[in-house]
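4 protein chains.
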Amino acid sequence: MIIVMKQNYSKENFKNVINVIEGLGLTAHLSKGEHTTLIGVVGDKRALLKENPELLPDVDRVIQVSETYKLANKKFKTEPTVIDVDGVKIGGDNFVIMAGPCAVESHDQLLETANAAKAGGAQILRGGAYKPRTSPYSFQGLEEEGLKYMAEAREATGLKIITEVTSEHALEAAVKYVDIIQIGARNMQNFELLKEAGRINKPVMLKRGLSATIDEWLNAAEYIMSEGNEDVILCERGIRTFETSTRNTLDISAVPVLRSKTHLPIIVDPSHASGVRAYISPLSKAAVAVDADGLMIEIHPCPEKALSDGAQSLNPEAFNELTAELRPFISLVGRKF
Amino acid sequence: MIIVMKQNYSKENFKNVINVIEGLGLTAHLSKGEHTTLIGVVGDKRALLKENPELLPDVDRVIQVSETYKLANKKFKTEPTVIDVDGVKIGGDNFVIMAGPCAVESHDQLLETANAAKAGGAQILRGGAYKPRTSPYSFQGLEEEGLKYMAEAREATGLKIITEVTSEHALEAAVKYVDIIQIGARNMQNFELLKEAGRINKPVMLKRGLSATIDEWLNAAEYIMSEGNEDVILCERGIRTFETSTRNTLDISAVPVLRSKTHLPIIVDPSHASGVRAYISPLSKAAVAVDADGLMIEIHPCPEKALSDGAQSLNPEAFNELTAELRPFISLVGRKF
Amino acid sequence: MIIVMKQNYSKENFKNVINVIEGLGLTAHLSKGEHTTLIGVVGDKRALLKENPELLPDVDRVIQVSETYKLANKKFKTEPTVIDVDGVKIGGDNFVIMAGPCAVESHDQLLETANAAKAGGAQILRGGAYKPRTSPYSFQGLEEEGLKYMAEAREATGLKIITEVTSEHALEAAVKYVDIIQIGARNMQNFELLKEAGRINKPVMLKRGLSATIDEWLNAAEYIMSEGNEDVILCERGIRTFETSTRNTLDISAVPVLRSKTHLPIIVDPSHASGVRAYISPLSKAAVAVDADGLMIEIHPCPEKALSDGAQSLNPEAFNELTAELRPFISLVGRKF
Amino acid sequence: MIIVMKQNYSKENFKNVINVIEGLGLTAHLSKGEHTTLIGVVGDKRALLKENPELLPDVDRVIQVSETYKLANKKFKTEPTVIDVDGVKIGGDNFVIMAGPCAVESHDQLLETANAAKAGGAQILRGGAYKPRTSPYSFQGLEEEGLKYMAEAREATGLKIITEVTSEHALEAAVKYVDIIQIGARNMQNFELLKEAGRINKPVMLKRGLSATIDEWLNAAEYIMSEGNEDVILCERGIRTFETSTRNTLDISAVPVLRSKTHLPIIVDPSHASGVRAYISPLSKAAVAVDADGLMIEIHPCPEKALSDGAQSLNPEAFNELTAELRPFISLVGRKF
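Chains as they are written, first to last, in the numbering used here: chain V, 53 to 389; chain Z, 53 to 389; chain X, 53 to 389; chain D, 53 to 389.
Possibly wrong hints are sitting among the right ones.
Intra- or inter-copy, both count: the list cannot distinguish identical chains.
No more than 30 Å apart at the CA atoms, straight line, and that leaves these computed lysine-lysine pairs for DSS-like [said to hold, decoys possible]:
1) Lys58 <-> Lys357
2) Lys313 <-> Lys141
3) Lys126 <-> Lys58
4) Lys67 <-> Lys170
5) Lys247 <-> Lys63
6) Lys67 <-> Lys200
7) Lys357 <-> Lys122
8) Lys228 <-> Lys247
9) Lys170 <-> Lys247
10) Lys247 <-> Lys200
11) Lys247 <-> Lys313
12) Lys58 <-> Lys228
13) Lys228 <-> Lys127
14) Lys84 <-> Lys67
15) Lys129 <-> Lys254
16) Lys126 <-> Lys84
17) Lys313 <-> Lys200
18) Lys357 <-> Lys254
19) Lys63 <-> Lys357
20) Lys357 <-> Lys67
21) Lys63 <-> Lys84
No lab work stands behind these hints: they were computed from the structure.
Work the whole structure out from these sequences, hints included.
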């Protein structure tokens, strides 16, 4: 942490800053220039977080040099995390595809989709039972009934299952049925939900918020991990920009950036990122090539009848074609699928 | 709603689109050009929301012409909403200032701040008991204890009180103590929380999400209103952009845009928008001039000791000075303060 | 400037960094923590700009603490700059309004608009002779013919005149006719044009780029000033965000931010920022209240026939009404109009 | 084009809109709903661009359904454009790499880099002789001297050469020396320069502006093409967002979006997009996988001594390694390299 003093600071206020730093058991290193005086502060960052050095008299501003997240930080755990979901590995040299409908609509729709997912090579079935929708008049999900259909689909196909929760109440219900809990973009900073998810004993997939920086995202993961649950998967799903030809802008660079900052596994969701069926195949190939650990893909037995997000869903044939196209890319990066 | 057909659509698929529209009891109007064929759809938008016409074969895309929110829409209630909080009016010709600390820290800190708020002319005391913080290692709020201090401060000063809730659990607790419930930027699309807030009988102030469009914001208000609680106040607090010299970018135009779209009252929060104490006074004047219904301002008896967001808090003298500077602007726009 | 070393840097590489710094006649101050080692560098920033310390072995990154612009910097000239355009002052306690059509279309249109501008209290007539248009098939401006009409309008009304230039060729022509040269948002980083504008002896109004940070904007101003022309006016005209209900997002905070960083005068353009006629009056009031030095407003005798940007133009009556509404606000901030 | 009428439009104004449309030889199709009345307009868009139907009385707004660019539009030329630069093909089944230093610094530096570029498999040498730099105090380029070194490097290696021009003056000089003219992000809407580039008989590579939408970018290409030069190459180099861990955000989706809208070839520049050496290899692979036609990569014999952008430059060994890693990906997508 670096403290930048104001240009015409008083000696007294300067001493005061030093006293505050040293009073906390930290060390201050000075750097005086003609126009700028800096104080480098050395010590445990978490203690400092509860103080506000930038409010001390004659302090101009404070620059954070190191990260505030610790458990998610690669500096403190250099080996990549591989999460074992009952035999299905996320991370390491496995490439995992999570596929399924945006929303669970009926027993038959889900089972049909699950079979298509399995046939295409997916290892995990996604399906929304609690849907976060912009308008209250849109379809909101089947809730617990949907979870039951998911459990039946797992029974029938052997696929692991993942579902999004949008509240503590939904989390409580979902944890009884599914293998992985998903926290969506709109809830990335629903800190109470994150803490609850930190207290369960199932992996959590955390999607990036619509305008979250990578550092905020890793701090959100830290919320889950600091409660005891270190099985966190990160999912890049596009950020909001001024560009309108795609629903969001897939930040493909997030994958190598995350690789350099964290040991957690990384999934890419090209369906939500682009919102356009025709772009899913090229973006999936890009995700494989950039070394993501897996993909989340929307499929639907009959996209033109889907109750939500059909425009970006693939039908079973298209999904099959997609994974066939992806296989040589996955081999090339040295992963198993 | 306008449906744009693909360039080389088949007659059959075109007929199918028409049949779907008419099957729902809606009317289709055609417009065929050399390169583009459009179908204007007339009827109740909410029924259409559950269908996905853009997935019909040979449909290129669908353009929404009118809004999906109804209760929040000025078209359906042209008169401005004035919310009466036990005698304090929000909206109409009253100008209201909500002031207080970012976080409630202690009984004394809050009481001292409440007195300063009252002395400066504020009618409502703000204070955070449940704090949404980026890092789990930052101070998280006093929770119910903080709510009690707030109720005591109301007792002592006569100010009405507002607090942010970050979960259904917090909402349940807060509704027993405070006069207005606040839902913060990070929870603007925490739809479960919005629905719960729609079932209480106290006003709700809904802050704009960090990257929410105005339409999404009004749809979030619609979530609250559609559950029965029509006393919603909107609060602009800055959006996320690439500019880094302010914490967020205050979208001052949101005020006239909202005026043209909704009847709900509008508050501006220059403290969170800018993150810099020195910018609060000019931005507050701008908010008055642009015809906002009020301001939310952070104050602290001793900002350099504040446990959160001190850099943007005013001390009692500065708050007093601010309201003194604002009074002639408030008079000029024809409001009472 | 602060140099952050990589976590496991070698002694040798560390020494090398110190040698490079000292070899340039600068001073290095060390700050070693458990996880992070920093080097504060003290000396003339401009010399450093030509070196790349972040490329030295084992350097993690470099943090810029102070600004790279000097002539535009308030630290080096604390008194506000007032520009005298042949008797019309921009800055100081004068409030200036520049009004006129987006594009000069004909002699009569311009003269009629100039009379309306004058009647409403404008002191400067704007008018575009060279139009930067997104599509090559849109109207591109009357070029030199338009400049002549502007000069005639000045003759007839006594208003000073400003026009945008989009190339060195246009600059050469315009400087012969107009009182102020405008460089538009799309050319804010057309550095060759900036340098040319730095060699003329007329004031230059520099609009902010669509996604320029305030620091980049001030560096662009520095390009003009470093060539000898210190009469630069800054014009905020909205930045690009994800919000679509206004054409751009007026960054009203830019005014106080600029006040804290530079001595140059600041104009606000609510017409281009919002793109919607109905929002111009509230945004103009906000600009006055936030202490801008003036406004640029689009007017047109007959906006529904304007060849460009008519949707945001005011007709003469509306402009008259606008300035009447603004007068009490301008008085309140202690300015003359 | 669709015209949306205001809610309470008058019959007279409605008739007027119809008259205007039909007066231009276009056809109007009506669609009247309970709350909204639409008019579909059919006919030549370019004629309409010079009119402003949204300014007609009682018109609420106008929605553009089709694109304003024509020569760049895939609808009007479905076959992909392949540009032949003296034997080197850009587009089709060739994969092209343009490599070289950000700035030409000396004869020896350039020649050494050219040899490295060639050794690694690049077919085109990039090098900046005119540098657009944020600060006027940064190194600005060797100008014509740099162009001469480039021509010498071509002589020595057989590589084709590309350089950026930042003004009409620079274009005039560069066209005498280089094989491809580059127009950079900051000049994407320098329309005068685009028009000049449309009058030369060499290919032009047009980089996307920092906050340009894809439609604006294609309109900028249209500026060049409408002057007669149809050999335009598009280069995605990242857009500006709130994310700070990369210099810009590479919009990888731009590649499939462009493929669906235009026939022009597409290059990706991961060096400028990310600004970080370590991210260039994964992003290059993503670009190959997403089916870009080529890459632009910064290399430097000694990046730690580069006068500009060294932090993102690869040294000769790293470049060699990069292309070795890319070869199997390039083969996999069925291209030659």
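Now for the hints, and whether the structure bears them out:
{"no.": "1", "hint": "Lys58 <-> Lys357", "in the structure": "between (62 Å within a copy, 19 Å between copies)"}
{"no.": "2", "hint": "Lys313 <-> Lys141", "in the structure": "within (21 Å within a copy, 39 Å between copies)"}
{"no.": "3", "hint": "Lys126 <-> Lys58", "in the structure": "between (35 Å within a copy, 14 Å between copies)"}
{"no.": "4", "hint": "Lys67 <-> Lys170", "in the structure": "neither (67 Å within a copy, 35 Å between copies)"}
{"no.": "5", "hint": "Lys247 <-> Lys63", "in the structure": "neither (44 Å within a copy, 42 Å between copies)"}
{"no.": "6", "hint": "Lys67 <-> Lys200", "in the structure": "neither (65 Å within a copy, 38 Å between copies)"}
{"no.": "7", "hint": "Lys357 <-> Lys122", "in the structure": "between (45 Å within a copy, 26 Å between copies)"}
{"no.": "8", "hint": "Lys228 <-> Lys247", "in the structure": "both (18 Å within a copy, 24 Å between copies)"}
{"no.": "9", "hint": "Lys170 <-> Lys247", "in the structure": "neither (33 Å within a copy, 36 Å between copies)"}
{"no.": "10", "hint": "Lys247 <-> Lys200", "in the structure": "both (25 Å within a copy, 24 Å between copies)"}
{"no.": "11", "hint": "Lys247 <-> Lys313", "in the structure": "within (22 Å within a copy, 37 Å between copies)"}
{"no.": "12", "hint": "Lys58 <-> Lys228", "in the structure": "neither (56 Å within a copy, 45 Å between copies)"}
{"no.": "13", "hint": "Lys228 <-> Lys127", "in the structure": "neither (35 Å within a copy, 45 Å between copies)"}
{"no.": "14", "hint": "Lys84 <-> Lys67", "in the structure": "both (14 Å within a copy, 21 Å between copies)"}
{"no.": "15", "hint": "Lys129 <-> Lys254", "in the structure": "within (21 Å within a copy, 48 Å between copies)"}
{"no.": "16", "hint": "Lys126 <-> Lys84", "in the structure": "between (33 Å within a copy, 21 Å between copies)"}
{"no.": "17", "hint": "Lys313 <-> Lys200", "in the structure": "neither (38 Å within a copy, 42 Å between copies)"}
{"no.": "18", "hint": "Lys357 <-> Lys254", "in the structure": "neither (33 Å within a copy, 40 Å between copies)"}
{"no.": "19", "hint": "Lys63 <-> Lys357", "in the structure": "between (72 Å within a copy, 20 Å between copies)"}
{"no.": "20", "hint": "Lys357 <-> Lys67", "in the structure": "between (70 Å within a copy, 17 Å between copies)"}
{"no.": "21", "hint": "Lys63 <-> Lys84", "in the structure": "both (13 Å within a copy, 24 Å between copies)"}
Taken one by one, the earlier hints fail for this structure at numbers 4, 5, 6, 9, 12, 13, 17, 18, listed in ascending order.
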